[in-house]
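Novice: These are the residues of each chain, in order.
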Amino acid sequence: MNDLQPALPVLSARDLCREFSLPGDRSLEVLRHLDLDIHEAEMVAIVGLSGVGKSTLLHCLGLLDTPSSGQITYRSGGQTWQSPGLSEPQRCGLRNQFIGFVFQFFHLLSDLDVLENVMLPAIVGTPKSDWKQRKPQIEAKARTLLETVGLAGREEQAPGTLSGGERQRVAIARALINNPRLLLCDEPTGNLDSSTSEKIHTLLRQLHEDLGTSILVVTHDPDLASRADRRLAMVDGRFEKSADHPSD
Amino acid sequence: MQYQTFLSRRYLKRRWAPWAATVAVALGVFSLISVLAVMEGFKLEMKERIRGSLSHLVVKGSAMRLLVGEDPLLQAARQTEGVEAASPFIETLAIYKSTVLDYCILRGIDPSTEPEVSDFDLYLLSDDEIEQLQADPFRMLPEDRPPPDPQRVADVFSLERRRQMLRWNLRGDAGVGFAEEAPPQGLVVGIEALRSGRVALGDIVQLSTYSPVSYEPRIGKFIVVGAFQSGVYEQDQRWAYSDIRALQQLLDLWDEEAQDMRITGISLRLADYSQASQIKDQIHQEISRRMDLDPTEEDAIPWRSLEIKTWENQRENLLQAVEIEKRIIAAMMLLIVAFAAAMIFLILMLLVIEKNRDLGVLRALGATRSGVVRLVLKQGMFLCITGAAIGLFGGWLLTENINEIHESIYRATGLRLFPPDIYYLEQIPAHLRWQDMVLVCAPTLIFGFFGSLLPALWAGRRDPIKALHHE
Numbered sequence: 001m002n003d004l005q006p007a008l009p010v011l012s013a014r015d016l017c018r019e020f021s022l023p024g025d026r027s028l029e030v031l032r033h034l035d036l037d038i039h040e041a042e043m044v045a046i047v048g049l050s051g052v053g054k055s056t057l058l059h060c061l062g063l064l065d066t067p068s069s070g071q072i073t074y075r076s077g078g079q080t081w082q083s084p085g086l087s088e089p090q091r092c093g094l095r096n097q098f099i100g101f102v103f104q105f106f107h108l109l110s111d112l113d114v115l116e117n118v119m120l121p122a123i124v125g126t127p128k129s130d131w132k133q134r135k136p137q138i139e140a141k142a143r144t145l146l147e148t149v150g151l152a153g154r155e156e157q158a159p160g161t162l163s164g165g166e167r168q169r170v171a172i173a174r175a176l177i178n179n180p181r182l183l184l185c186d187e188p189t190g191n192l193d194s195s196t197s198e199k200i201h202t203l204l205r206q207l208h209e210d211l212g213t214s215i216l217v218v219t220h221d222p223d224l225a226s227r228a229d230r231r232l233a234m235v236d237g238r239f240e241k242s243a244d245h246p247s248d
Numbered sequence: 249m250q251y252q253t254f255l256s257r258r259y260l261k262r263r264w265a266p267w268a269a270t271v272a273v274a275l276g277v278f279s280l281i282s283v284l285a286v287m288e289g290f291k292l293e294m295k296e297r298i299r300g301s302l303s304h305l306v307v308k309g310s311a312m313r314l315l316v317g318e319d320p321l322l323q324a325a326r327q328t329e330g331v332e333a334a335s336p337f338i339e340t341l342a343i344y345k346s347t348v349l350d351y352c353i354l355r356g357i358d359p360s361t362e363p364e365v366s367d368f369d370l371y372l373l374s375d376d377e378i379e380q381l382q383a384d385p386f387r388m389l390p391e392d393r394p395p396p397d398p399q400r401v402a403d404v405f406s407l408e409r410r411r412q413m414l415r416w417n418l419r420g421d422a423g424v425g426f427a428e429e430a431p432p433q434g435l436v437v438g439i440e441a442l443r444s445g446r447v448a449l450g451d452i453v454q455l456s457t458y459s460p461v462s463y464e465p466r467i468g469k470f471i472v473v474g475a476f477q478s479g480v481y482e483q484d485q486r487w488a489y490s491d492i493r494a495l496q497q498l499l500d501l502w503d504e505e506a507q508d509m510r511i512t513g514i515s516l517r518l519a520d521y522s523q524a525s526q527i528k529d530q531i532h533q534e535i536s537r538r539m540d541l542d543p544t545e546e547d548a549i550p551w552r553s554l555e556i557k558t559w560e561n562q563r564e565n566l567l568q569a570v571e572i573e574k575r576i577i578a579a580m581m582l583l584i585v586a587f588a589a590a591m592i593f594l595i596l597m598l599l600v601i602e603k604n605r606d607l608g609v610l611r612a613l614g615a616t617r618s619g620v621v622r623l624v625l626k627q628g629m630f631l632c633i634t635g636a637a638i639g640l641f642g643g644w645l646l647t648e649n650i651n652e653i654h655e656s657i658y659r660a661t662g663l664r665l666f667p668p669d670i671y672y673l674e675q676i677p678a679h680l681r682w683q684d685m686v687l688v689c690a691p692t693l694i695f696g697f698f699g700s701l702l703p704a705l706w707a708g709r710r711d712p713i714k715a716l717h718h719e
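Chains as they are written, first to last, in the working numbering: chain G, 1 to 248; chain D, 249 to 719.
These are calculated hints, taken from the structure and not from any lab test.
A couple of the hints might just be wrong.
As the list claims (entries may be wrong) - Straight-line distance between alpha carbons at most 27 Å, and here's what the computed DSS-like set of lysine-lysine pairs gives:
id, chain 1, residue 1, chain 2, residue 2
1, G, 128, D, 626
2, D, 295, D, 626
3, D, 295, G, 128
4, G, 141, G, 128
5, D, 308, D, 295
6, G, 132, D, 557
7, G, 135, D, 261
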């Protein structure tokens, strides 16, 4: 695929299943034959009750977990990757370059300052030989992203000194440092008050529109879900047929 | 910069606990390096002193039959390439009575040729030096002694010297049974025999021994004409030297069959000691060849069994004991390093538990399992290498300044950690060898590596999903 064929989704999941073994030869089927396409510059929200498999789906799509069966295809710049069939370095490379993660609990590294936290995915993805050459660009980009999320001047601060909303904004900047094709957000406002959540919703929507990054957001928050181009409701490991598809 | 280096720096910069492992490694390496350097210094010093009082090689006959044919033996040895000098000797055990009954190893030497094969002339003390050393048991010979004079060895056993000592002995007492014209044979004893008061300069000592040939008891009277200090306590206490000819007479070493005097053996000095093994073989061949000749031939040596030993062979047990002692101490002290590696292991395990979530985040951001393993391994090895480097530097610093530090402790506390009268050393000898540095650093790094590897592998196996759910 290439950029001239926008019809092909950035991510396609087909017949995705995830089963967990339980003691006594029992098993728990969390994802049941799911199909999902996420298109270029599309924002998709997945809603559902706790335990329906939203996070498991996110982990499978984010290559942190391996589905029991089914196939996931990632497309970027004319290249295609299919899972299963990816080696460990390929999976890690895709997590680093193709996907950006935003977690409910921010997961900033307390030993790094704000700027270093934002730079971290780029540091992980830059070979040692290129570091000296790329460092100024990475640092400049991290500063720009912090400015975009409204945290200019806070670069040297420790994450512990920031409020919850500010930390989540740092986490969003971190997720965007490598220009990912897909942003996976797991309950990004689940740990924030309503006013801060509102700001994060606006920020995500704005970044989505400005940068054209595809976003898949798992949320309980109806307000955030309503801002998505498409909303999928998940029940017992499947998407509900009555899901709202505003972009369709 | 790799992210492992970047994160390791941040983690270690903001925590003091991991550095405890570095301190432990540094202390272990420091102790090992210092102890090994001092032990090596002692070993070298001891070897040098033993070597000085022995010749490079000795050709020895059996205890009962000894060797016969002193001249052709010396000739055979001196003609061998690589042999610089040769001198005959006799060695026997003797009992003497002073304040108590005591024994000594009595060596008969040729005063004119002995200085060519050993450092006896260097160790021989002047009367002034004997007086000074006897007056102060802590006193050592000054560094700026006059160079050794081989003539002094001949002088100390000379008739003139024996007469002089007898005159001194006879002051106020004429009852020793010797006329000044025919004094007893001279005896040079070790300085420790004088210091202990068992004998004194000018004393007439009665030595009792057995003839190694006839097993008849032999009693001889000798006059103490001088003293030596070799620096090896045992030798300075037990060894005594006399003229070889006097001892041959006393022990009745005449060999009727060969019509010659027997000797215990000959001492040899080599131009290059590293060639000792080849020269040993050559001498053995040459002597064997001469022993096979017709006895009427001029070069012939009467057949006797013999053995040729280097000075190290002669003191093999002692040298091995020192080496084994050094190894045992090194092995035991390696436990300190092993303990330090265990500390690295525990500290890294705690760090992995503490940073479990960070490791999950890193995996989510694209770090591979092996990358996470390297991250933890790098921290462990950094702590270990830093500790080893500090310990190595500290050990080197101590080795270089050990005597200044020892002197400072003495001035501050009055405590002598290395009393010169026991160790015969005014200064603590310390010699740091690169082999010892490798011996210390290699196991340290290996222990450190395995101490770091287990937590690193454990970190690599952590499930990123579980780690991310942890808050």
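Novice: Would you mind marking each hint as holding or not holding in the structure?
Specialist: Results for each hint:
no.	hint	verdict
1	G/128 x D/626	holds, 15 Å
2	D/295 x D/626	violated, 44 Å
3	D/295 x G/128	violated, 53 Å
4	G/141 x G/128	holds, 19 Å
5	D/308 x D/295	holds, 21 Å
6	G/132 x D/557	violated, 66 Å
7	G/135 x D/261	holds, 21 Å
Hints 2, 3, 6 from the list above are not met by this structure, while the remaining hints are.
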